[in-house]
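K.L.:
Okay, here's what each chain looks like letter by letter:
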Amino acid sequence: MSKDIKVSDLLKIAGNSYGSRLLVGTGKYQDFAQTRAAIDASGAEIVTVAIRRTNIGQNAGEPSLLDFLPPDQFTYLPNTAGCYSAEDAVRTLRLARELLDGHKLVKLEVLGDPNTLYPNMIETIAAAKVLVKDGFDVMVYCSDDPIIAKQLEEIGCCAVMPLASLIGSGMGILNPWNLQIIIANAQIPVLVDAGVGTASDASIAMELGCQGVLMNTAIAAAGDPVRMAGAMKKAVEAGREAFLAGRMPKKLYSASPSSPTAGLIA
Amino acid sequence: MQLIINGKPRSFDPSSFSVADLVRELNLEGKRLAIECNGEIVPRSQFLEVMLVEGDQLEIVGAVGGG
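Residue numbers (the numbering used here), protein chains in the order written: chain F, 1 to 266; chain E, 1 to 67.
Rather than coming from a laboratory, the hints here were simulated on the basis of the structure.
Quick caveat, the model's predicted, so the values are computed rather than measured.
Fair warning: there could be bad hints in the mix.
[Claimed, not checked] Dumping the calculated DSS-like pairs for lysine-lysine here, alpha-carbon to alpha-carbon at most 27 Å:
# : chain 1 : residue 1 : chain 2 : residue 2
1 : F       : Lys28     : E       : Lys31
2 : F       : Lys12     : F       : Lys251
3 : F       : Lys104    : F       : Lys233
4 : F       : Lys104    : E       : Lys8
[Stated by the list, open to error] Sample of chain E residues facing chain F (criterion: CB under 7 Å; computed from the structure):
#  : residue
5  : Ile4
6  : Asn6
7  : Ala34
8  : Ile41
9  : Leu58
10 : Val61
11 : Gly67
Where is the CB? At the ideal position from N, CA and C, for every residue including glycine.
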């Protein structure tokens, strides 16, 4: 029975369906083989990539990320990491679209500060408007401000991705209340992006009602990244199942024991 | 001619050649990449036709690991 639920419980983004609700980054791994092993263990179908200048002096035979993660086996989510203006972000994603043969699904992030990597939402909104108009399906990294999240939805983004805590911090979900408001107000998928540190953080995000979780450092910087990738897969699935099942209400204490009150030995 | 490629000047013998020639010259044939010339994307389908001249600024990018 639970299997039936899993089959029908797909993540839907911009008209496409995905079996996995865990999206993963491809940065910070030891090598491409470890990247691939971790992604396989995570079960992720959507993987983020960055767009960077090609190394011109490069040996022609040198392996690339794409050799290990063939674009026909994964859904690439090119990002705008490192962009601090709307203009740079738009330019980067137009290059990504050309690079990936017209691919429309992108992750927009415009940073505001190199120390915290906190998003600049004014620039993010400006970029989102241009990209949506230009035909992109925009998954947008954002602050956990419910008003901003709603505005991004109204602009036409296909998913909003508020931070749980700062990028790469591993601090977990610092403001579950804001995330709940964002989720309650949204008609598009809400995914937590950034800040997840360990499996329980991913479960909490899913229990709150997030449609998915995007992470990179929590897996790549773990002692055993491949094992942590497997843990995150289970955590996202467990959190989703718990959300669908509906948790019991919290009570300070209960006068309702789990065992029968009758039949006690005298 | 001199071209600025990914922020660095590079000299080439011909006074003009196509983007396709440049890709071959840089040993990047067969690589998945995207190219911008003076801020405008050059679609792959136009690599043979678009001619480069002295001072053109090119960005040549690819996909790398990232989060």
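K.L.:
Hint by hint, say whether it matches the structure.
P.N.:
Comparing the hints with the structure gives:
1. F:Lys28 x E:Lys31: holds (23 Å)
2. F:Lys12 x F:Lys251: Judged against 27 Å, a Cα distance of about 35 Å means the pair is violated.
3. F:Lys104 x F:Lys233: holds (26 Å)
4. F:Lys104 x E:Lys8: With a Cα-Cα distance of about 31 Å, the restraint between Lys104 (chain F) and Lys8 (chain E) is violated, given a limit of 27 Å.
5. Ile4: With Cβ-Cβ at 12 Å, over 7 Å, it is violated.
6. Asn6: With a closest approach of 4 Å, the Asn6 (chain E) hint holds.
7. Ala34: holds (4 Å)
8. Ile41: holds (5 Å)
9. Leu58: Check failed: Cβ of Leu58 (chain E) comes no nearer than 10 Å to chain F, outside 7 Å.
10. Val61: For Val61 (chain E), the interface hint holds, since the closest Cβ of chain F sits about 5 Å away, which is under 7 Å.
11. Gly67: holds (3 Å)
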